[in-house]
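Engineer: These protein sequence lines map, in sequence, to chains A, B and C. The opening residue of the first sequence carries number 1 in full-length UniProt numbering; numbering runs sequentially from there. The opening residue of the second sequence carries number 1 in full-length UniProt numbering; numbering runs sequentially from there. The opening residue of the third sequence carries number 1 in full-length UniProt numbering; numbering runs sequentially from there.
These aren't lab readings, by the way, just hints derived from the structure by calculation. Check each hint, because a few of them may be wrong.
[Stated by the list, open to error] Here are a few chain B residues that sit away from chain A, every Cβ distance over 12 Å (derived from the structure):
{"id": "1", "residue": "G8"}
{"id": "2", "residue": "F13"}
{"id": "3", "residue": "T55"}
{"id": "4", "residue": "R69"}
{"id": "5", "residue": "S81"}
{"id": "6", "residue": "E97"}
{"id": "7", "residue": "V142"}
{"id": "8", "residue": "E154"}
{"id": "9", "residue": "A192"}
{"id": "10", "residue": "E234"}
[To be verified] Distance ranges between label pairs, derived from CB positions:
{"id": "11", "chain 1": "B", "residue 1": "R10", "chain 2": "C", "residue 2": "E156", "range": "30 to 36 Å"}
{"id": "12", "chain 1": "B", "residue 1": "R10", "chain 2": "C", "residue 2": "P81", "range": "29 to 35 Å"}
{"id": "13", "chain 1": "B", "residue 1": "A15", "chain 2": "C", "residue 2": "G130", "range": "50 to 56 Å"}
{"id": "14", "chain 1": "A", "residue 1": "L223", "chain 2": "C", "residue 2": "V268", "range": "20 to 26 Å"}
{"id": "15", "chain 1": "B", "residue 1": "D139", "chain 2": "C", "residue 2": "E156", "range": "28 to 34 Å"}
{"id": "16", "chain 1": "B", "residue 1": "R69", "chain 2": "C", "residue 2": "D112", "range": "54 to 60 Å"}
{"id": "17", "chain 1": "B", "residue 1": "E127", "chain 2": "A", "residue 2": "P170", "range": "38 to 44 Å"}
{"id": "18", "chain 1": "C", "residue 1": "S115", "chain 2": "A", "residue 2": "S295", "range": "30 to 36 Å"}
{"id": "19", "chain 1": "B", "residue 1": "P119", "chain 2": "A", "residue 2": "A116", "range": "32 to 38 Å"}
{"id": "20", "chain 1": "B", "residue 1": "D136", "chain 2": "A", "residue 2": "V187", "range": "52 to 58 Å"}
{"id": "21", "chain 1": "B", "residue 1": "G29", "chain 2": "C", "residue 2": "V268", "range": "27 to 33 Å"}
[Unchecked claim] Which residues of chain C face chain A? A few of them, derived with a C-beta cut under 10 Å, are:
{"id": "22", "residue": "L34"}
{"id": "23", "residue": "A67"}
{"id": "24", "residue": "L69"}
{"id": "25", "residue": "A70"}
{"id": "26", "residue": "A73"}
{"id": "27", "residue": "L77"}
{"id": "28", "residue": "M78"}
{"id": "29", "residue": "Q90"}
{"id": "30", "residue": "F99"}
{"id": "31", "residue": "E103"}
{"id": "32", "residue": "T216"}
The model shown is predicted, which means the values in this text are computed figures rather than measured ones. Note that CB positions come from ideal geometry on N, CA and C, so glycine has one too.
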Amino acid sequence: MTAVEAPAVPGGAAAAPPRAPRGRVGLLVTAIVVVLAAVPLFLAPFATTTLTRILVFALFAVSLDLLVGVTGLPSLGHAAYFGSGAYAAGWVSINVTAEAPVPLLVGGAVGALVAALTGWITVRSAGVFFLMLTLAIGETVQQLANAWDSVTGGANGLTGIPSVRIAGAPLTNAGFTYWYVLAVFLVGFVVVWLVARSPFGAALRGIRDNEPRMRAIGYPTALYKYAVFVLAGGVAGLAGSLLAAQARIVALPDLGFLTASFALLAVIIGGAGSLWGACLGAALVIVIRDALGPSLGGHGTLVLGAVFVLVVYLLPRGAAGIRLRGRRS
Amino acid sequence: MTALRCAGLRRSFGALNAVDGVDITVEPGARHALIGPNGAGKSTLFKLVSGTMRTHGGTVELAGRDVTRLSEVARCRLGMSQTMQHASLFGSMTAAETVALAAARHGGGRISPLPRRQPAVQERAEELLEGVGLADRRDVPVPALSHGERKQLEVALALACRPSLLLLDEPAAGMSPAESARLLELLAGLPAEITVLFVEHDLDLVFSLADSVTVLHLGRVLLSGTPDEVRASEAVREAYLGAGRREELFGS
Amino acid sequence: MLVSVLNGLAVGFLLFILAVGLSLVFGMMDVLNLAHGALFVLGAYLGAAFSGSWGGFLAALGIAAVAGLAAGALLSLMTAPLRRRSHLDQALLTLGVAFVVAELLIIFFGDDPLSVAAPPALDGSVTVFGAVYPAYRLVLIGVGAVLAVVVYLVVERTRVGALVRATVADRDMVATVGIDNRLVTTAVFAVGSLLATTAGVLGGPIYGARPGLDATVLILALVVVVIGGLGSVRGALVGALIIGQVDTLGRLMLPELASFVLFAALAVVLVLRPQGLFGGPVAAGAR
């Protein structure tokens, strides 16, 4: 029995850098960014707001993909860091300042901090145990947020978050908020993309493929997993601060199981390991949940549940070949 | 100073003493073979030496330094590296990427979290692939390599860790005679300063390559000596096949 | 203190009934059934819908049992085509099912929390060693203990149970010796789900029925299973009783941090003994 298996992700951006001509890819990326930037000039405010939400959720999904697709750590509790970042950014905006980089930095830092506090236990486990532990952590963080209502507003959520201000001017218009979110999204995406393509990213893929072998060639894998866990938490916290800026309210479900599961769904729809794919998956999730949800009687979750089931059956390699090290590794 | 010294190594699984007080000394630059019938404890001993399994007693010294309590990661940093019995590589990488992974770790630089050209690492990976005869297969994904090529890649991966002690766990297992011959050539050409300890069932390969041999039987050292001493040993013959079949075992 | 211990026992037995199915299904099929919590909540809503009379309570138990059997068999059939895929695929499949079930329950029952009354004559309190204690919970301890003993005896002492244990220990070996265990695995899935819905009906008067309960209950069950070791009935029993006590004691002494205490217990076990207290070394996926 050989431990070599087929590549996890065929042509995924993070798994195997596409060997397409550099110029053409560059052109495509530029075109996408230009179209994204021009969107508020053409779309109605509602559509712009939906697109803003998509970008927020996409950055969250991309941070999760760093764990799931690149490192092979399937997390069901990643919303804990997204939500922590959102609460922190919201709290700072209300109580200290909403001036531009502050809520962002605080959100990212708190997301990373919470990940740092909880991550050391999770990275010592693997496979379904990792799934269970992250699930338990997510639920625990949610309950802590519920209990700490003097800061989080408890079951009512954190309301009355002011608009982000840039150089003193609040971003009251949906279009300005969109541009702000887009800019941060692009920065976050590029950071994750760079990390995935770096020597560190190669080591993460090595861990995903074969962790014992990585240890044998001298990589302290737990440390690497911890580092990427904290980084992913930080990027999720950054996405959370965007949520606070866009929705202006942060509530318990943003920390919870459902949000975490939808992010995982987004990653898997897009083909784990592909950062672009995760963004498209996030778009699908948000469109079903927020845009189509009301016309489905508010039961977008029902549709997403069905999508989950379908995706698992339809994806030819399963959930992008993420290997869970279970009993029979 | 010895390259590797094991003293009183023990490991049991329930009531079974798989390794039961083993002493082994490997001199620097040696080609030291570890042989023994099935169930002799070779694989367990190997895991104790490489650090992938915890000992239940005894010590492992690498170049005079006690590494018994160190993980396989730390042992690798101190110059111990290994190939696995079942080629165990990275399913989403090419041959060159695989070797680069180890070369980057042992190239002196740190592992950067940002993309960066690493000409020294690339060069070293090329060199190692060339050394094991895989230069023209550098961009082939690992799953597309043949079994023999994977074992060659294993050797390149282990050498990329710049070992002073190389552990080879059944390097020729599952190989065709042609592949086996190529492997022998490759191992025989390793730099003299690298000490090699290997487990192997193919006794032709053992006696072509080894300059010292340790025979394990039922978790204990039956005999340590030169290949000639092992060939001549009555006890080894009995352990393997029972009396009277020595000619068959060692051929001539 | 006595009240807390009794509460812990009640919760513990309830958790055992809930978790044993999860544990055996994982042990036998490597399927981590994330819909297990939703099945519990299904039972709780059924209990809420029929609460108020003994007839209703028993009807809820009966319907929940049938629904549980059917749901388990269906889940078993749905995951069967994914046997050769990764555990994550199967887990995600059951996660999708969990969403669908939870959402359907909201459509039928609304999203307001429902409280569930204990059956008549059990809704009062009795005095136990000088402490006033709800009668229903006392009965629950008794029923839970009986169910636990029955499940334990079936798995540990009967032929079918031996086959179940053998499949947990080495599935391929059981298949190699020519036993077609598909029927057994489906049956275990069905009965495990039946126990989950039954636990939901029984637990209704304690937990109520509300959206979001499925995740809470699922995590409690996962903690029990992880602590007890995947696939071990004895482990699930001990784990459930420990968690029952830890949870109630935690809520009593550190109400704000109760969930944290639980998580800490889980973390300590996973770090010290990744294979659980009773799991064999093969069950270790964590290091």
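Engineer: Each hint needs a verdict: does it hold in this structure or not?
Structural biologist: Results of checking the hints against the structure:
Residue-level check passed: G8 (chain B) sits 25 Å from the nearest beta carbon of chain A, beyond 12 Å. The Cβ of F13 (chain B) sits about 18 Å from the closest Cβ of chain A, beyond the 12 Å cut-off, so the non-interface label holds. Against the 12 Å criterion, T55 (chain B) stays outside the reach of chain A, whose nearest CB is about 17 Å from its own CB. Here R69 (chain B) stays apart from chain A, with its beta-carbon at least about 16 Å from theirs, past the 12 Å limit.
Not every beta carbon of chain A lies more than 12 Å from that of S81 (chain B), the smallest distance being close to 7 Å; the non-interface claim is violated. Not every CB of chain A is more than 12 Å from the CB of E97 (chain B) (nearest about 7 Å), against its label as outside the interface. A beta-carbon of chain A is positioned within 12 Å of the beta-carbon of V142 (chain B); the least distance is around 5 Å. Listed as a non-interface residue, E154 (chain B) fails to keep its Cβ farther than 12 Å from every Cβ of chain A; the least gap is roughly 9 Å.
Taking the minimum C-beta to C-beta distance to chain A, about 23 Å, the non-interface status of A192 (chain B) holds against the 12 Å cut. The claim that E234 (chain B) lies off the interface holds: its Cβ sits roughly 37 Å from the closest Cβ of chain A, which is beyond the 12 Å cut-off. The hinted range of 30 to 36 Å is satisfied by R10 (chain B) and E156 (chain C), whose Cβ atoms lie roughly 35 Å apart. Checked against the hint of 29 to 35 Å, the C-beta distance between R10 (chain B) and P81 (chain C) comes to roughly 47 Å, which is inconsistent with it.
Taking the beta carbon of each, A15 (chain B) and G130 (chain C) are about 52 Å apart, inside 50 to 56 Å as hinted. Distance hint check: the CB atoms of L223 (chain A) and V268 (chain C) are about 22 Å apart, consistent with the given range 20 to 26 Å. Taking the beta carbon of each, D139 (chain B) and E156 (chain C) are about 56 Å apart, not inside 28 to 34 Å as hinted. At roughly 59 Å, the beta-carbon separation of R69 (chain B) and D112 (chain C) lies within the given 54 to 60 Å, and the hint holds.
Between E127 (chain B) and P170 (chain A) the beta carbons are some 60 Å apart, a value that contradicts the proposed interval 38 to 44 Å. For S115 (chain C) paired with S295 (chain A), a C-beta distance near 33 Å keeps the hint of 30 to 36 Å intact. Between P119 (chain B) and A116 (chain A), the C-beta spacing of about 35 Å keeps the proposed range 32 to 38 Å intact. Between D136 (chain B) and V187 (chain A) the beta carbons are some 42 Å apart, a value that contradicts the proposed interval 52 to 58 Å.
About 48 Å separates the C-beta atoms of G29 (chain B) and V268 (chain C), a value inconsistent with the hinted range of 27 to 33 Å. This hint holds: L34 (chain C) has a C-beta 8 Å from the nearest C-beta of chain A, less than the 10 Å allowed. The closest approach between the C-beta of A67 (chain C) and any C-beta of chain A is roughly 18 Å, which is over the 10 Å cut-off, so the hint fails. Violation of the interface hint for L69 (chain C) is found here, the shortest Cβ-Cβ separation to chain A being roughly 21 Å, above the 10 Å cut-off.
Because the closest C-beta pair between A70 (chain C) and chain A is about 17 Å apart, greater than 10 Å, the hint is violated. Because the closest C-beta pair between A73 (chain C) and chain A is about 17 Å apart, greater than 10 Å, the hint is violated. The beta carbon of L77 (chain C) is not positioned within 10 Å of any beta carbon in chain A (closest approach about 13 Å), and the interface hint is therefore violated. About 8 Å separates the beta-carbon of M78 (chain C) from the nearest beta-carbon of chain A, less than 10 Å, and the hint is met.
The interface hint given for Q90 (chain C) is met, as the beta carbon of that residue sits about 8 Å from the closest beta carbon of chain A, less than 10 Å. For F99 (chain C), the suggested interface contact is upheld, since its CB lies about 3 Å from the closest CB of chain A, less than 10 Å. Because the smallest distance between the Cβ of E103 (chain C) and any Cβ of chain A comes to about 4 Å, under 10 Å, the interface hint for this residue holds. With a least beta-carbon distance of about 7 Å to chain A, the hint placing T216 (chain C) at the interface is held under the 10 Å criterion.
When held up to the earlier numbered hints, the structure conflicts with 5, 6, 7, 8, 12, 15, 17, 20, 21, 23, 24, 25, 26 and 27 and fits the remainder.
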